[in-house]
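Line by line, the protein sequences give chains A and B. At position 25 of the first sequence the residue is numbered 25 (my numbering), and the sequence of numbers has no breaks. At position 65 of the second sequence the residue is numbered 65 (my numbering), and the sequence of numbers has no breaks.
Output of the computed footprint for chain A on chain B, the stretches with three or more beta carbons under 8 Å from beta carbons of chain A:
#1 75 to 81
#2 99 to 107
#3 134 to 146
Because the hints were derived from the structure by calculation, they are not lab data. Quick caveat: nothing in here was measured; it's all calculated off a predicted structure. Every residue gets a Cβ at the ideal spot worked out from N, C-alpha and C, and that includes glycine.
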Amino acid sequence: MKIKIMSLYVDDQDKALRFYTEVLGFAKKTDFSQGPYRWLTLVSPEDPDGTELQLALNNNPAAQTYQQAMFQQSQPAAMFFTNDIKADFERIKARGAEFTMPPTDVTASIIAMLKDTCGNLIQLTQLKRY
Amino acid sequence: MTDRAQYTPGPAGGARIEKEPVQGSEDKWTLVLVRELRHSPEKVWQALTDPAHLREWAPFEADGSLARVGTTVKLTTVAAPTPQVSETRVTRADAPKALEYNWGGFDIRWELEGFRGGTRLTLWHNINRRFISMGAAGWHICLDVLDHLLGGNPIGRIVGGDAMKFDWQRLNVEYAKQFGIEAPSWPPKAAQKS
Numbered sequence: 001m002k003i004k005i006m007s008l009y010v011d012d013q014d015k016a017l018r019f020y021t022e023v024l025g026f027a028k029k030t031d032f033s034q035g036p037y038r039w040l041t042l043v044s045p046e047d048p049d050g051t052e053l054q055l056a057l058n059n060n061p062a063a064q065t066y067q068q069a070m071f072q073q074s075q076p077a078a079m080f081f082t083n084d085i086k087a088d089f090e091r092i093k094a095r096g097a098e099f100t101m102p103p104t105d106v107t108a109s110i111i112a113m114l115k116d117t118c119g120n121l122i123q124l125t126q127l128k129r130y
Numbered sequence: 001m002t003d004r005a006q007y008t009p010g011p012a013g014g015a016r017i018e019k020e021p022v023q024g025s026e027d028k029w030t031l032v033l034v035r036e037l038r039h040s041p042e043k044v045w046q047a048l049t050d051p052a053h054l055r056e057w058a059p060f061e062a063d064g065s066l067a068r069v070g071t072t073v074k075l076t077t078v079a080a081p082t083p084q085v086s087e088t089r090v091t092r093a094d095a096p097k098a099l100e101y102n103w104g105g106f107d108i109r110w111e112l113e114g115f116r117g118g119t120r121l122t123l124w125h126n127i128n129r130r131f132i133s134m135g136a137a138g139w140h141i142c143l144d145v146l147d148h149l150l151g152g153n154p155i156g157r158i159v160g161g162d163a164m165k166f167d168w169q170r171l172n173v174e175y176a177k178q179f180g181i182e183a184p185s186w187p188p189k190a191a192q193k194s
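Bound conformation, chain A alone:
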């Protein structure tokens, strides 16, 4: 058994695909459709066979309620790890993303938070070495 995929609700899959590839820099892995259903996943180009992120449409009331509540309470819907949070912060900001928190020192890590334009907050994390 492996941890292979994580799902994230988004309000628009086309818009989400653009943001997660063009702004964040991930790569599309699978994209297919069955009737109204669309299965869309991404990977990091640094780890193309690694864990995938599914961009799932929030087309049910439970998903919408959950997503909105998490956002209003400033809870990240996903967390991505980086080895250079300052560089990623500058790169992503330069491509137009809105950060709600710049790189900030916390226990054992430096974190930053940004809006994904699809209803979520995303946290970037760089672990500190002691």
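Since chain A is already given, all that's left is putting chain B on it; use the hints.
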């Protein structure tokens, strides 16, 4: 050998794309599929609207009849990777001529015309343009299965992963070529830039 094991879809055909300009956005594409069936419009109408018949060929389950305008019916996409239920409202039901409803945000329109003692059936489906050849391939197989059902020789629904065993990939490529678009790759290969 059962009839299902012997079934192989014929070449892609009978499909086209209608393109409608949308101001400030990409064109709206609608898949149009035409199929001639050797059965009466009344019989075809029943297969399009009755849940027990839909279960034998359609890519969704309906929890009620689609035969009356204004009714609300839940459509469950069969064999989707996660459960996918959408509520639909029948917006047109002129038996046995025209049927319209929405499937998960996409409009579906069926028209039935008497034709040489049978029915010329036309489907309009404004599927996401990225998946239009996939949709054409899926409907092609579904309509073949419908034809078997109407002929009193049901071979059982072929949707989702099952369709892979029945040349769905070939049809996807053939329809993409006919439409002049690039076939969406399936099964997925390596990670690709969007």
